[in-house]
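A.B. asks: Protein chains in written order, with my numbering: chain A, 94 to 220; chain B, 68 to 197.
Wrong hints could be hidden among the right ones.
What the hints assert, rightly or not - Label pairs and their computed distance ranges (CB to CB):
hint, chain 1, residue 1, chain 2, residue 2, range
1, A, 200, B, 129, 40 to 48 Å
2, B, 121, A, 103, 23 to 31 Å
3, A, 209, B, 116, 40 to 48 Å
Claimed, not checked - Covered by chain A, according to a simulated footprint, are these stretches of chain B (three or more residues, beta-carbon under 8 Å):
hint, region
4, 130-139
5, 176-184
Rather than coming from a laboratory, the hints here were simulated on the basis of the structure.
All values derive from a computational prediction rather than experimental measurement.
Ideal Cβ placement from N, Cα and C applies to all residues, glycine included.
The chain contents come next:
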Amino acid sequence: MTSSTKFHSPQSYLIIARCSPYGSQQARAALDIALTAAAFEQPISVVFMDAGVLQLLKDQQADAGEMKNIGKIITALKLYAVENIMVHQEAVDKYDLDPTEFVEAVEVVTSADIKSLIAGADQVMVF
Amino acid sequence: MKFSIVIHGAPWSSNASLSALRFAEAVLEGGHEIVRLFFYQDGASNGSSLCVPPQDEIDIPAQWQVLIKQHEIDAVVCAASALKRGILDEAEADRYEKSASNLLPGFAVSGLGQLIDAAGQSDRVVSFVL
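Turn these sequences into a full structure, and let the hints guide you.
C.D. replies: Okay, here's the thing in structure tokens:
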């Protein structure tokens with residue numbers, strides 16, 4: 094552990110979550126990074142795309158799969174000051190979801206919005 | 068340019084690790100700097116000293132070890148990822164009363180904070196996902 098390192102400056106993170114909540118460890122891995130970056134007080138945006146939109150659903154029965162509840166971790170994001178939580182409109186449409194079914198109020202964004210988010214972020218991590 | 072490289076894949080499960088290895092070599096050959104290698108999730112398995120691939124196959128963890136040693140690269144294995152996959156350094160093996168440790172020399176076990184720390188010092192963070 095290097096303790097004397099200095100940050101160039103705060104780095105803005107864009108985390109793109111594209112995987113379903115329990116098919117792999119990807120969802121958890123992405124959220125762990127978001128929470129860690131938040132602990133370092135870095136500005137973070139999280140966008141749920143593709144099957145990643147399923148991570149947002151309320152009432153996930155994670156216990157049935159002997160996994161940790163991804164929806165609850167997403168709820169924790171706001172407690173850790175991760176304010177910019179977004180979902181891709183196309184994914185919402187594709188899975189025929191209603192944003193009122195989500196664990197958190199999230200902003201619905203278009204492909205063009207995501208393009209500019211990627212362009213504007215210092216670090217983009219895709220899971 | 069300063070790079071940090073995140074390796075998400077186990078050595079032979081996908082091309083992630085080998086691609087990352089070749090990328091790391093190219094970064095250094097190009098005169099750039101590697102701030103840190105961060106082995107995350109299944110990538111932690113690249114730190115195992117116990118892999119024995121067939122002789123006609125590439126030994127990916129051994130090649131990582133050579134690169135890390137030659138260039139004195141800071142190489143971190145995510146602690147949570149490593150522990151649950153049975154990649155332990157001596158201190159962790161002691162702490163959890165396991166019969167052996169198997170982390171390759173040159174690798175260090177540390178937290179996810181080291182990835183954020185590396186990103187803060189890097190111009191680019193390049194991830195090799197599955």
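A.B. asks: Honestly, which of those hints from before does the structure not fit?
C.D. replies: Going through the list in order, the structure violates hints 2, 4 and respects the others.
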